[in-house]
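Produce the complete structure using the sequences and hints provided.
Chains as they are written, first to last, in the numbering used here: chain A, 1 to 351; chain B, 1 to 351.
In case anyone wonders, no lab produced these hints; they're calculated from the structure.
Check each hint, because a few of them may be wrong.
One copy or any two copies: either way a pair holds, since identical chains are not told apart in the list.
Stated by the list, open to error - 30 Å max Cα-Cα, derived BS3-like pairs, lysine-lysine:
1) 44 / 281
2) 281 / 48
3) 142 / 3
4) 147 / 350
5) 37 / 338
6) 112 / 124
7) 151 / 6
8) 194 / 3
9) 71 / 320
10) 258 / 328
11) 121 / 69
12) 292 / 48
13) 124 / 166
14) 334 / 320
15) 9 / 124
16) 252 / 346
17) 328 / 142
18) 328 / 342
19) 327 / 138
20) 328 / 145
21) 142 / 349
22) 9 / 338
23) 71 / 281
24) 281 / 252
25) 48 / 9
Remember, predicted model here, so these are calculated numbers, not experimental data.
Number of protein chains: 2
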Amino acid sequence: MLKRRKTKKIKIGNLYLGGNAPVVIQSMCNTDTRDVKATVAQIKQLQKAGCELVRLAVPDLVAAKAIAKIKKRVSIPLVADIHFSAELAMEAMRSGIDKLRINPGNIGDEEKIKMVVLEAKKRKIPIRIGVNGGSLEKDILKKYKGKVTAKAMVESAMRHIKILEKYNFRNIVISMKASDVERTVEAYRLLSAKVDYPLHIGVTEAGTIFRGTVLSSIGLGILLHGGIGDTLRVSLTADPVEEIRVAWEICKALGLRKRGITITSCPTCGRTEIDLIALAKKVESELAFIDKDMHVAVMGCVVNGPGEAREADLAIVGGKGVGLIMKKGEILRKVNEKDLLKEFVKEVKKF
Amino acid sequence: MLKRRKTKKIKIGNLYLGGNAPVVIQSMCNTDTRDVKATVAQIKQLQKAGCELVRLAVPDLVAAKAIAKIKKRVSIPLVADIHFSAELAMEAMRSGIDKLRINPGNIGDEEKIKMVVLEAKKRKIPIRIGVNGGSLEKDILKKYKGKVTAKAMVESAMRHIKILEKYNFRNIVISMKASDVERTVEAYRLLSAKVDYPLHIGVTEAGTIFRGTVLSSIGLGILLHGGIGDTLRVSLTADPVEEIRVAWEICKALGLRKRGITITSCPTCGRTEIDLIALAKKVESELAFIDKDMHVAVMGCVVNGPGEAREADLAIVGGKGVGLIMKKGEILRKVNEKDLLKEFVKEVKKF
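Structure (structure tokens):
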């Protein structure tokens, strides 16, 4: 098991974040928050895919008020994404939001900051400070000669943290996202050496499904493997359900979360004598909705097949027109290629 | 720039690996090597996709002899993947193979080992020792109580290395693949502290395109970000061309290689007022074949848009039914949503 950095534990609705809580998987709706029906439908889709916390854009008062209606119809905690406005933050809290994503340094004068922070404190609503490489404060940007460096991002985060701490507010989560791996990783490493607040990790503007999956897997993978990260959001220019799928796969790959069946399969080569690519795809889709904590392997040949099969609960090892079904490394039986999928799925269900 | 571990530089055909050479991107044909036509076609496809080194399965003498015919028709170096057979290694070398992937400890007695190693030395053919979690030596497996640990894999690698070093053979590349991230990373970290031979990195049996992309991005990402890895193979149960696509994306994400246009795009949210998912996809496919070293951003709104645009050569920042085209952070012009793609691609070509 990976050793995770020890962070402060906070509570968002009925969900724990940080401390010894599992890494929380979250996403953000891309619906218009004022459209309650569409937003509720997307939250439910996300929840079904495994999302545990959902953020909503709150660009105006209508959206802030809509939160109350949305809250009544969903069961997972919600985060209001607010920029520059103390009034919207107040309204979101009155509407029952579970967490705010707001940068206290840019919502107005001391009076306004105090109003928001004390209200959040009273209601036990955590605040996420979200530093983004694309929107650093002008004076910090100037100090770093116009370069959005990891240090500049950490300086921005620390400034917002100090504002909250001045009011003894410590119910804090922090994110610092850049659009590339290198700066994102460096910024989180620097900050995690300074504070013990839980960290929301992500690579921002990561791109389309393909590029975004690779970028997020690398960036979040490096951080999580190094013990950093209490909640994650994969950012894709795609249906947010895809973000959840990738987020789970990252957590599963690092042994941080468990969900469904893990499938190992080989890349096929000149030694493969069955149609393994098609078979692995079919096994993946047949097993997608079986909720068992087990490990199966789909292997093309006898060179690495038996070894992998030994480490799997159930495995297929392909031969010429046939396949062996193996259980914990022992041969169960030999099956013709055409019956292999059906028979294997049967064994998985029986397991 | 990432700091890479200093390794010995070796030569494979006309390609350098290790030392200060760029990270080499490789894959493996899944054609029958005896089928010269199909294999040559796949090598050419792989090369077009950006593959720099291709491995072929050599399960028998016919395949070993076919290498000579294949070599005549392709221009990138080839690696013969051989298991347990000194004879096949000898025949592959006579056929002009550029590199062997063979584990000297399992090709027979001292006589046979000597024959293969001296022949490779004479011909200046490098040998990759390929330790695989699925096929560890029985005595090592026994020593580690049947557990394929990272230490067990390193012990296996060191055993093969010592066999080659006994003959003063140092033209070596090493890989140690497990089917999970944790062991793979640990094994490479342990070995790279012991030897300075270039390392071939990969997560083996990573699975279907989706799972394999995530697993390889995390595993190879962690290693490369830590300076480890001189060549990489992404292992997917899919067309090997997909492996090359993922491998390039990993290297680009870490700034290790450059190829084509980098596209940053935001995840869309309730603030987005244009159809950004569709637009980003179209921009990605329109720019896929433009070979320019530039960075473009496709952003949905004015919160993070202008900041990202400042870091991009060219950017789209979406508004309501319109988009701004920006160059190095300065507004070039405002364009209606329906003309945005066409006008943007025009600007990219002009850049």
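For each hint, the structure was consulted:
| no. | hint | in the structure |
| --- | --- | --- |
| 1 | 44 / 281 | both (27 Å within a copy, 26 Å between copies) |
| 2 | 281 / 48 | both (22 Å within a copy, 26 Å between copies) |
| 3 | 142 / 3 | between (38 Å within a copy, 28 Å between copies) |
| 4 | 147 / 350 | between (58 Å within a copy, 26 Å between copies) |
| 5 | 37 / 338 | between (46 Å within a copy, 28 Å between copies) |
| 6 | 112 / 124 | within (18 Å within a copy, 73 Å between copies) |
| 7 | 151 / 6 | both (22 Å within a copy, 28 Å between copies) |
| 8 | 194 / 3 | both (19 Å within a copy, 25 Å between copies) |
| 9 | 71 / 320 | between (57 Å within a copy, 28 Å between copies) |
| 10 | 258 / 328 | within (20 Å within a copy, 44 Å between copies) |
| 11 | 121 / 69 | within (23 Å within a copy, 75 Å between copies) |
| 12 | 292 / 48 | within (16 Å within a copy, 41 Å between copies) |
| 13 | 124 / 166 | within (17 Å within a copy, 68 Å between copies) |
| 14 | 334 / 320 | within (11 Å within a copy, 61 Å between copies) |
| 15 | 9 / 124 | within (13 Å within a copy, 59 Å between copies) |
| 16 | 252 / 346 | within (24 Å within a copy, 42 Å between copies) |
| 17 | 328 / 142 | between (61 Å within a copy, 17 Å between copies) |
| 18 | 328 / 342 | within (19 Å within a copy, 56 Å between copies) |
| 19 | 327 / 138 | between (61 Å within a copy, 20 Å between copies) |
| 20 | 328 / 145 | between (59 Å within a copy, 16 Å between copies) |
| 21 | 142 / 349 | neither (61 Å within a copy, 32 Å between copies) |
| 22 | 9 / 338 | neither (52 Å within a copy, 48 Å between copies) |
| 23 | 71 / 281 | neither (38 Å within a copy, 33 Å between copies) |
| 24 | 281 / 252 | both (19 Å within a copy, 28 Å between copies) |
| 25 | 48 / 9 | within (26 Å within a copy, 51 Å between copies) |
Consistency with the previously given hints fails for numbers 21, 22 and 23, ordered from lowest to highest.
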